[in-house]
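Colleague: Below are the chains, spelled out letter by letter.
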Amino acid sequence: MIEAHDLTRRFVVRERAGLVRRRKRVVEAVAGVDLQIAAGELVGYVGPNGAGKSTTIKMLTGILVPTSGTVRVAGLDPVRRRIELTRRIGVVFGQRSQLWWDLPLADSFDLLRHVYRVPRDQHRAQLEQFGELLELGPFLATPVRQLSLGQRMRGELVAALLHEPEVIFLDEPTIGLDVVAKAAVREFLLEVNRERGVTVLLTTHDLADIERLCRRLLIIDRGRVIWDGGLDELVERYGEERTLVVDLAESRAPLEVSGARVVRIDGPRQWLRFSRGETTAAALVGAVAAEAQLVDLSVEEPEVEEIVRRIYKEGV
Amino acid sequence: MGDLAGIYARLIGARVRSQLEYRASLALQFVGMAVLTGIDFVAILVLFENVDALDGWRLEEIALLYGIATISFALSDLAVGHLDLFPQMIRDGTFDQILVRPLPSLLQVVASDFSLRRLGKALQGLAVLVFALTQLELDWTAGKVFVLVAAVIAGTVIYAAVWVALATVAFWIVDAIEFVNAFTYGGSYLSQYPITIFGRWLRGLVLFVLPLAFVAYFPALVILDRESGLALPAELGYLTSLVAAGTALVAVSAWNGAVRHYRSAGG
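Chains A and B, in that order, give the protein sequences. Following this note's numbering, the numbering of the first sequence begins with 1 at its first residue and continues without gaps. Following this note's numbering, the numbering of the second sequence begins with 1 at its first residue and continues without gaps.
Think of the hints as simulated: they come from the structure by calculation, not from any bench. Think of the CB as a built atom: it goes at the ideal place given N, C-alpha and C, for glycine as much as any other residue. A couple of the hints might just be wrong.
Computed from the model, here is a short list of chain B residues facing chain A with C-beta under 7 Å [unchecked claim]:
hint, residue
1, Q97
2, S105
3, H261
Derived coverage of chain A by chain B (criterion: at least 3 residues anywhere in the stretch with Cβ under 8 Å from a Cβ of chain B; other residues may be distant) [to be verified]:
hint, stretch
4, 59-67
5, 87-96
6, 265-277
Label-pair ranges, simulated between beta-carbon atoms [what the hints assert, rightly or not]:
hint, chain 1, residue 1, chain 2, residue 2, range
7, A, V79, B, Y22, 56 to 66 Å
8, A, R22, B, R260, 21 to 31 Å
9, A, R96, B, L20, 54 to 64 Å
10, A, R96, B, G186, 49 to 59 Å
11, B, G13, A, V12, 25 to 35 Å
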């Protein structure tokens, strides 16, 4: 459904070099990205700010022309068949709105029906279904500007899906939302993906989105895809380090036990990081108990958030 | 084409509906606009307190120019004046949103607003035009009626085209709006006067670069049975529609070229 080969995008930026002179610098925002996303997949696309996520999305949706490389979305070349492609894809930019600010939400949907030339019956059926899923009823007649961010985002999702696209691209759809609204957005995306087979590619900074939604994760950094695989695999491969947290009877110097190292101390509490391969939690507890008087303990599993943060920092 | 006109009407209709939510505010702005822009004509009246004619043009004749130019400008302002805000649409990403919809980008940008208060200025122009037509003792012919009506329509198209063509500058330099305004609002003043009062460069500009001389000057020559005072014949007043069509074509091509640039250079 989405295919990119050696996708590259360079920008020329002019920066100050002295009082009036400008120096041109070429920045490679996306550097040779390969993507293969099958119909019906739900894929998360993450990376630190400026990694190239949005630039990739812009090239896949036809907004930006790649500097080099090839792209196919729904079988179409977004560069040359942009308008045709717009009917087959849906796009949600979390930070912008595609709704008419001063008009009731329902009016925006009606205008979009005409923009995409969706037959009236089809439109009504879609709206009914989505409306139920997202509980839009209470605020359909409210002007968009008066909606809460969560309500508006639900409106945006529906707006992107009314013309029954095969793929939707979401650029940070949960940004700024509260916990409840985030959950509603996630449930809806899962439902749309599962029931309608809509292919979903979403960028996010909230890894809980990924954990909840995506079987597959792409991590991009400095324009390159540095991880493409399942979330489980990622945790297995990079999350082999667990942490034993021990509360001792009194504060003391860092414990010295083989197979683990102290990564943090807070009063009588110490954090010991260890690898699955090298030792076990049980052996470690024994070793600690031999050194000091143990009051309490717990084992922390690696969090996806932590793993991804480490990958951003240290690479794969 | 018919489809596009239909969707344009719908999008504009939506804008009109939302303005009608605040009728009182709209009415005030409408009147305010009419009074404020009426000061332009007061300036001309003051001028004629001191002189009897401007390069051979009497007050009623200048009023005819002013009326045609002002109505045309106001209508184009109504249709595309919000291109003022276009740089903002590029900066905040609204234009990217436009590019993922199945309609021509220019149509969407133009249909993004329709500020009814600007009709206040058209009303003021109409008042001056009626004043001119009642004061002038004209021999009306079918040809002159055609020229008058065509002038207002063609004038609207010419102003709008100039606006669109200049707005494309924003694809390269986002903060160029003052530069654009100098030509659009400045242009509306230029066409309120007989172009023979301008120097060579300004004349060349309104004849051949931004064809503002075709908005009011040439049509007025025909209506008033005047000589052109230029090397060009007054009969060009019959051809304003052609000039408008040509200008619009250039503007739309410039826009499409600019969008291509934007997509390949990335804003």
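Colleague: Run every hint past the structure and note whether it holds.
Modeller: Going through the hints against the structure:
1. Q97: holds (5 Å)
2. S105: Result: violated, 10 Å to nearest chain A Cβ.
3. H261: violated (10 Å)
4. 59-67: That given contact holds, which follows from 5 residues of the stretch 59-67 of chain A lying within Cβ reach (below 8 Å) of chain B.
5. 87-96: Coverage by chain B holds for the stretch 87-96 of chain A (6 residues, Cβ < 8 Å).
6. 265-277: violated (count 0)
7. A:V79 - B:Y22: 56 to 66 Å: violated (43 Å)
8. A:R22 - B:R260: 21 to 31 Å: holds (24 Å)
9. A:R96 - B:L20: 54 to 64 Å: violated (26 Å)
10. A:R96 - B:G186: 49 to 59 Å: For B:G186 against A:R96, whose Cβ atoms are near 33 Å apart, the range 49 to 59 Å is violated.
11. B:G13 - A:V12: 25 to 35 Å: violated (42 Å)
In the structure shown, a violation is registered for the earlier hints numbered 2, 3, 6, 7, 9, 10, 11, in ascending order.
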